[in-house]
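Protein chains in written order, with this note's numbering: chain A, 1 to 221; chain B, 1 to 227.
Hints are computed from structural coordinates only; laboratory data are not their basis. Note that this is a predicted model, so its numbers are computed, not measured. Treat each hint with caution, since some may be false.
[Unchecked claim] Here are the computed distance ranges between Cβ atoms for each label pair:
{"#": "1", "chain 1": "A", "residue 1": "170", "chain 2": "B", "residue 2": "4", "range": "55 to 61 Å"}
{"#": "2", "chain 1": "A", "residue 1": "170", "chain 2": "B", "residue 2": "215", "range": "30 to 36 Å"}
{"#": "3", "chain 1": "B", "residue 1": "18", "chain 2": "A", "residue 2": "108", "range": "41 to 47 Å"}
{"#": "4", "chain 1": "B", "residue 1": "118", "chain 2": "A", "residue 2": "215", "range": "43 to 49 Å"}
{"#": "5", "chain 1": "A", "residue 1": "116", "chain 2": "B", "residue 2": "215", "range": "23 to 29 Å"}
{"#": "6", "chain 1": "B", "residue 1": "192", "chain 2": "A", "residue 2": "71", "range": "56 to 62 Å"}
{"#": "7", "chain 1": "B", "residue 1": "162", "chain 2": "A", "residue 2": "71", "range": "22 to 28 Å"}
{"#": "8", "chain 1": "A", "residue 1": "70", "chain 2": "B", "residue 2": "215", "range": "25 to 31 Å"}
{"#": "9", "chain 1": "A", "residue 1": "105", "chain 2": "B", "residue 2": "111", "range": "40 to 46 Å"}
{"#": "10", "chain 1": "A", "residue 1": "31", "chain 2": "B", "residue 2": "43", "range": "44 to 50 Å"}
{"#": "11", "chain 1": "A", "residue 1": "102", "chain 2": "B", "residue 2": "4", "range": "47 to 53 Å"}
[As the list claims (entries may be wrong)] A partial selection of chain A residues facing chain B, derived with a Cβ cut-off under 10 Å:
{"#": "12", "residue": "115"}
{"#": "13", "residue": "118"}
{"#": "14", "residue": "138"}
Note that beta-carbon positions come from the ideal geometry of N, C-alpha and C, so glycine has one too.
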Amino acid sequence: MTRRLFPVLAGLSLLFFVGAPVLIVRAPYESTMGLVQKIFYFHFAGWMAMFLAIFVLGIASIIFLFRRIRSADQLAVAAAEQAVIFGLIGLITGPLWGVKAWGVWWQWDARLTMAVILELILVAYLLLRQYGGPGSDRLAAGLGIFAMANVPFLYISTEIWRTVHPRTSVVPTLPVDFGLPLWWSVAGFVVICLAMLSARRRLEEQRATLDELYLALEDEA
Amino acid sequence: MTRFLQVVWLVVRKDLRVESRNKEMLVTTLFFAVSCVMVFAFAFVRGGRAVDGAAAGVLWIAVAFAGTLALGRAFERERYQDALRGLLLAPVDRPAIYLGKLSGLLLLLAVVELVVVLMVALMFQAPLFEHPFRMLALLALGTLGFASVGTLFSAMLVRTRSRAVLLPVLLYPVTIPVLIMGVSGTNVLWQPEPDLAMVQLWTSLLLFFDVVFLTLALWTFEPVMTE
Chain A
1 MTRRLFPVLA GLSLLFFVGA PVLIVRAPYE STMGLVQKIF YFHFAGWMAM
51 FLAIFVLGIA SIIFLFRRIR SADQLAVAAA EQAVIFGLIG LITGPLWGVK
101 AWGVWWQWDA RLTMAVILEL ILVAYLLLRQ YGGPGSDRLA AGLGIFAMAN
151 VPFLYISTEI WRTVHPRTSV VPTLPVDFGL PLWWSVAGFV VICLAMLSAR
201 RRLEEQRATL DELYLALEDE A
Chain B
1 MTRFLQVVWL VVRKDLRVES RNKEMLVTTL FFAVSCVMVF AFAFVRGGRA
51 VDGAAAGVLW IAVAFAGTLA LGRAFERERY QDALRGLLLA PVDRPAIYLG
101 KLSGLLLLLA VVELVVVLMV ALMFQAPLFE HPFRMLALLA LGTLGFASVG
151 TLFSAMLVRT RSRAVLLPVL LYPVTIPVLI MGVSGTNVLW QPEPDLAMVQ
201 LWTSLLLFFD VVFLTLALWT FEPVMTE
């Protein structure tokens with residue numbers, strides 16, 4: 001299925017990425033921040049793709065842990081890598097925007113701190129996969145569930161504390177001029193995330209098959 | 001339910017008995033925590049005066065470091081002569097085993113914290129006895145949050161290689177929120193005139209995280225430990 005799904009997703013993401021610059025350029029300038037505000041179309045879209053990847057990671061981890069389905073574990077590895085990449089996009093674009101909008105690169109407020117913690121957990125997940133050796137897959141699944149449990153805290157953090165970061169409730173109130181390029185970018189990031197997920201999962205699957213074949217060969221020899 | 005609690009008690013009693021015979025974990029953890037506080041005291045106390053706000057951080061770092069040491073040993077002990085397999089083969093609820101191990105660790109950490117808190121209060125001139133019950137609540141909830149995740153992870157890591165390195169690598173990112181809340185709450189509490197509403201907020205947040213962590217740990221312990 002992946003083999004047929006991937007070209008479709010890749011084509012779609014190409015479409016979105018060709019269209020995005022046009023829409024972003026045509027969007028009006030924000031009154032106080034001007035040109036800098038346009039980084040928002042990457043920043044927000046990056047985090048949305050990261051949330052998607054983390055939910056895939058968490059749910060795949062639960063399925064693997066309780067049902068022992070191998071392919072769920074392969075999907076979890078792929079999702080964790082995507083989450084790290086898109087989280088990194090958010091963490092890089094955030095300070096670039098912040099230094100213009102707030103005058104500082106970084107502030108240890110609730111939202112930013114939670115974002116870094118989540119990224120750290122995901123990197124720890126990848127370290128575990130890399131160096132844990134045999135038997136670490138179930139442990140990784142447990143960690144994946146803990147990572148997903150952090151997302152709601154991250155999401156509501158701007159509502160509980162007064163932080164420098166804008167509230168989550170800003171997004172649905174955006175006027176159409178800003179909203180269209182924003183959701184277009186989000187769709188683009190989500191589609192490319194899905195495309196890479198499917199490709200990466202297939203790689204993991206083939207790697208597992210190769211390992212099995214090696215083992216079978218050794219048994220025969 | 002009584003049977004569940006019985007199992008918890010049996011595991012705790014087993015750990016306490018092993019500990020009372022060689023005192024390995026208690027002595028090493030305690031010594032490590034004390035030397036940790038000493039190192040920080042050398043760094044942060046200048047001319048008899050502590051750097052502002054350092055005390056709360058030192059206290060929680062000492063607890064976290066010593067806790068990691070204890071967590072590493074807690075399940076290492078079960079590896080000898082395949083004791084863990086015996087424990088898991090016993091026809092009892094797995095969550096009860098988890099809770100037993102967790103309770104044993106909490107008891108150990110309580111003793112360590114008693115010494116560490118007194119030391120920090122002494123060396124950093126922290127007003128320890130202004131609000132003893134709030135301090136106790138912060139410490140108890142913070143330690144519970146840290147140890148609940150730690151016990152789960154160290155149990156999972158028993159079968160993995162390079163577990164000594166991986167335990168802190170996995171444990172700290174997940175438990176940073178708990179440590180932040182502990183440090184922030186303690187910091188507010190140790191101000192000359194503490195804002196008690198803020199202390200209350202940090203304490204209730206800690207409680208919230210504890211509930212989430214403990215629920216997740218109890219839920220995942222069984223499938224994670226099954227071969």
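Verify the CB-CB distance for residue 118 (chain B) and residue 215 (chain A) against the hinted window 43 to 49 Å.
57 Å, violated
Holds or violated: the 22 to 28 Å window for the beta-carbon distance between residue 162 (chain B) and residue 71 (chain A)?
27 Å, holds
Residue 215 (chain B) and residue 170 (chain A) - C-beta distance against the hinted 30 to 36 Å:
With Cβ atoms ~32 Å apart, the hint holds.
Assessment of proposed distance window 40 to 46 Å (beta carbons of residue 105 (chain A), residue 111 (chain B))
43 Å, holds
Range hint compliance [Cβ, residue 102 (chain A) to residue 4 (chain B), 47 to 53 Å]
52 Å, holds
Could you see if the CB distance from residue 170 (chain A) to residue 4 (chain B) stays within 55 to 61 Å?
Once the Cβ atoms are compared, 48 Å apart, the range 55 to 61 Å for residue 4 (chain B) and residue 170 (chain A) is violated.
Agreement of hint residue 138 (chain A) with chain B interface, Cβ distance less than 10 Å
5 Å, holds
Note whether the CB distance of residue 70 (chain A) and residue 215 (chain B) lies within 25 to 31 Å or breaks it.
Cβ of residue 70 (chain A) to Cβ of residue 215 (chain B): about 27 Å, so the range 25 to 31 Å holds.
Minimum beta-carbon distance criterion (10 Å), residue 118 (chain A) to chain B
Holds: closest Cβ of chain B sits about 8 Å from residue 118 (chain A), inside 10 Å.
Against chain B, run the beta carbon of residue 115 (chain A) and see if the smallest gap drops under 10 Å.
12 Å, violated
Between residue 116 (chain A) and residue 215 (chain B), does the C-beta distance stay in 23 to 29 Å?
Holds, at about 25 Å.
C-beta pair residue 18 (chain B), residue 108 (chain A): status relative to the range 41 to 47 Å that was hinted
42 Å, holds
Violated hints, listed in ascending order, are 1, 4, 12; each of the other numbered hints is respected by the structure.
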